[in-house]
Amino acid sequence: MTDITKFKPKTVYVTYIASTPEKVWQALTDPAFTRQYFGGFSIEVEPKAGGAFFLRNPNGSVHMSGGVVEWSPPRRFSSTWTVEGMEGFNKLPPSLVTYEIEQSGGSVKLTMTEASDWDIPDDILAGGRSGWPAILSSLKSVLETGQPTRCENGVAAGLRRGGEEGGSAEGVAEFLILRSARSGAFRRMASRSEFAAILRDAASGRSSG
Amino acid sequence: MSKPSFVYVTYIRATPEKVFDAITDGELTAQYWGHRNASDWKAGSTWEHQRIDDSDKVDIVGKVIENDRPQRLVISWASPDDAGNPEKTSRVTFDIEPYKGDAVKLTVTHSELEPDSGMLRGISAGWPLVLSALKSFLETGSSTLIGATQREP
Chain A
0 MTDITKFKPK TVYVTYIAST PEKVWQALTD PAFTRQYFGG FSIEVEPKAG
50 GAFFLRNPNG SVHMSGGVVE WSPPRRFSST WTVEGMEGFN KLPPSLVTYE
100 IEQSGGSVKL TMTEASDWDI PDDILAGGRS GWPAILSSLK SVLETGQPTR
150 CENGVAAGLR RGGEEGGSAE GVAEFLILRS ARSGAFRRMA SRSEFAAILR
200 DAASGRSSG
Chain B
0 MSKPSFVYVT YIRATPEKVF DAITDGELTA QYWGHRNASD WKAGSTWEHQ
50 RIDDSDKVDI VGKVIENDRP QRLVISWASP DDAGNPEKTS RVTFDIEPYK
100 GDAVKLTVTH SELEPDSGML RGISAGWPLV LSALKSFLET GSSTLIGATQ
150 REP
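Listed in order, the protein sequences are those of chains A and B.
As numbered in numbering that gives the first Met the number 0, residues 0 to 208 make up the first sequence, in order.
As numbered in numbering that gives the first Met the number 0, residues 0 to 152 make up the second sequence, in order.
Just chain B, same shape as in the assembly (with noise of 0.2 angstroms):
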């Protein structure tokens, strides 16, 4: 069984450096993804999509499968309790590539999703919202779109 893939593009006006440090500095995740995500970004490192509530709780881990700042990010995926599960992990797979001078377009390939799961659901409500929140966090410098009752990868 062919496994789904979900795709999203967005433009955004910043450079793909900054468009690439609002992905993986856990500070600025912080402040438009409700979480830190935690890594030294190396090739072969596990990575950590933390809360930011007191409760330490981990939503998705995984490996860095590629780096290639700015242009670049390869990871893998999992909900920590399908962790090692290569059934029930997929990969995310971030470009970023200049446009138009001022601006990036920024294309997220959520791929080898399991067909029919609650993550096949869960990401394609939530990558909208957060590459949508990302955008406004660039932009505008703040961003207030992700809020407690929304869902969020």
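Excised from the complex, chain A in its bound form (with noise of 0.2 angstroms):
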């Protein structure tokens, strides 16, 4: 049972669309339609509370699961998410993602919230950090010119290369790390092996707690 008063949001992210709430909600929950924007990932929801809820890769696989927390079109879809098929991944917490959808003037603005209940480390949230904007900047590109920005999704382009690489957590540390080196978000690099040992730790100390 998700108990969402302790989550604590952990990254935000804002942007303003020239479109209507309703386009907004079906370009976030319809699965054709984030495959547009999604790196070629799509969202399947059961559109109701308590609903199943995946992340499918673009070969149809599971990448995330988890359950619709709320169900409010189209105004705020909550729902948690858990990282599937990747070693050291899918034995941490659930991370909850709101999207909240506003209108504002002519505009919508929407509001991606990633939060989490346990003291989550940066290293991990550097992949969602890198992310979101690509893919919500991807999104705004989709519904105001018909066609997304051709942008590699940070998380979802490293678990999937992690995936290639035989689901490792390693091969997925390595691409986060070259990616939030690039991207300068960290002045300090975790290498490749602390980064396992962080995604064990945190595991390991979750299961034990």
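Treat the hints loosely; a few may be bogus.
[As the list claims (entries may be wrong)] Here are the in silico distance ranges between beta carbons for each label pair:
hint : chain 1 : residue 1 : chain 2 : residue 2 : range
1    : B       : D101      : A       : G84       : 28 to 38 angstroms
2    : B       : G117      : A       : E101      : 17 to 27 angstroms
3    : A       : R34       : B       : A37       : 43 to 53 angstroms
4    : A       : R74       : B       : K41       : 39 to 49 angstroms
5    : B       : E16       : A       : Q102      : 27 to 37 angstroms
6    : B       : G43       : A       : D29       : 48 to 58 angstroms
7    : A       : G84       : B       : T45       : 50 to 60 angstroms
8    : B       : E16       : A       : R34       : 31 to 41 angstroms
9    : A       : D29       : B       : A124      : 25 to 35 angstroms
10   : A       : T19       : B       : D55       : 35 to 45 angstroms
Bear in mind the hints are in silico, worked out from the structure with no lab data behind them.
Using N, Cα and C, we set each Cβ at its ideal position, and we do this for glycine too.
Got two chains here, each in a separate frame; can you build the complex from them with the hints?
Here it is, written out as structure tokens:
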């Protein structure tokens, strides 16, 4: 059971889109639409609180799973996200991802909040922090121009590559480290093995706690 | 006390030059930002964030710290009443990198902000709106995102 009152925001991204709340809602929840801007990934959601939530890889396999916490079209969609099929990641507690849609003047304000109920290391948050701006910039472009911005989506691409490398936490870690190094997100870079250790510690810390 | 920063990243289908010019050409900023950014943009020169109504009011002033068109622009940033007060002068860095052939990654880092200040709150709400408007302006040729009721830096 997810106690959402214990979740604290870790990453917030706001964008304004020349569109309607209904169209933004569809863009966020329709599988075919999400594929256009989410690096080929698609969201599949059972449209009710308590329903199942999946983010599928381009090949159809499950990349994230979770449960719908709030389903209030076209204003608010909140679900838990757990990484599947990746050693290290699937033992971590789920994140809570919330999309909030508000009318703002003649446009729509979309707020994405990624929240956690534990002391999640910055190294793990790095993927989302580099990924969300790319994903939501692309969503805005699709709604306003019909075309995505061609962005390789941060954590999604990292995890996909990790999957291609045998699903190892090390494979994912290397990608995320390279990416955060390029974006200058961190002054101190964790090494590949350090990152894998962070994942292991985080997972074991939780399961024993 | 350490001074907080605000960072915002957006991806825009445009060239680095178009993005840089959309930030520094007053006639272009007037179309999506509701203000004219006026300067000769030489390092050491002053710049002003001027309203486009008839009031001639200037909302932000500062100096050009670095101009490396098209990849980087660094400016200082203060309310006109606080000009020259280092405690209330912050710094804005625009980093523009080519991305995936036909897009750029624009990173705006607003640093050295006064903790718990109205400026910090204002720019935190304002940059997502201004940079969303900039992206729309460059990709669609028009931007109606900034209305009279909306906040912006």
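Between T19(A) and D55(B), does the beta-carbon spacing fit 35 to 45 angstroms?
Since the Cβ atoms of T19(A) and D55(B) sit about 37 angstroms apart, the hinted range of 35 to 45 angstroms holds.
Cβ-Cβ distance between G43(B) and D29(A): within 48 to 58 angstroms?
holds, 52 angstroms
G84(A) and D101(B) - C-beta distance against the hinted 28 to 38 angstroms
holds, 32 angstroms
Outcome for the supplied range 31 to 41 angstroms, where the beta carbon pair is E16(B) and R34(A)
Given range 31 to 41 angstroms: holds, Cβ gap about 32 angstroms.
Beta-carbon spacing of R34(A) to A37(B) - inside the hinted bounds 43 to 53 angstroms or not:
Given a distance of about 44 angstroms, which is inside 43 to 53 angstroms, the answer is holds.
For D29(A) and A124(B), compare the CB-CB distance with the range 25 to 35 angstroms and indicate the outcome.
holds, 29 angstroms
Falls inside 50 to 60 angstroms, the C-beta gap from G84(A) to T45(B)?
holds, 56 angstroms
Look at the Cβ atoms of R74(A) and K41(B) and judge whether their distance stays inside 39 to 49 angstroms.
holds, 48 angstroms
Assessment of proposed distance window 17 to 27 angstroms (beta carbons of G117(B), E101(A))
holds, 22 angstroms
Do E16(B) and Q102(A) keep their Cβ atoms within the hinted range of 27 to 37 angstroms?
Holds, since E16(B) and Q102(A) (Cβ atoms, about 35 angstroms apart) stay within the stated range.
In this structure, every one of the numbered hints holds.
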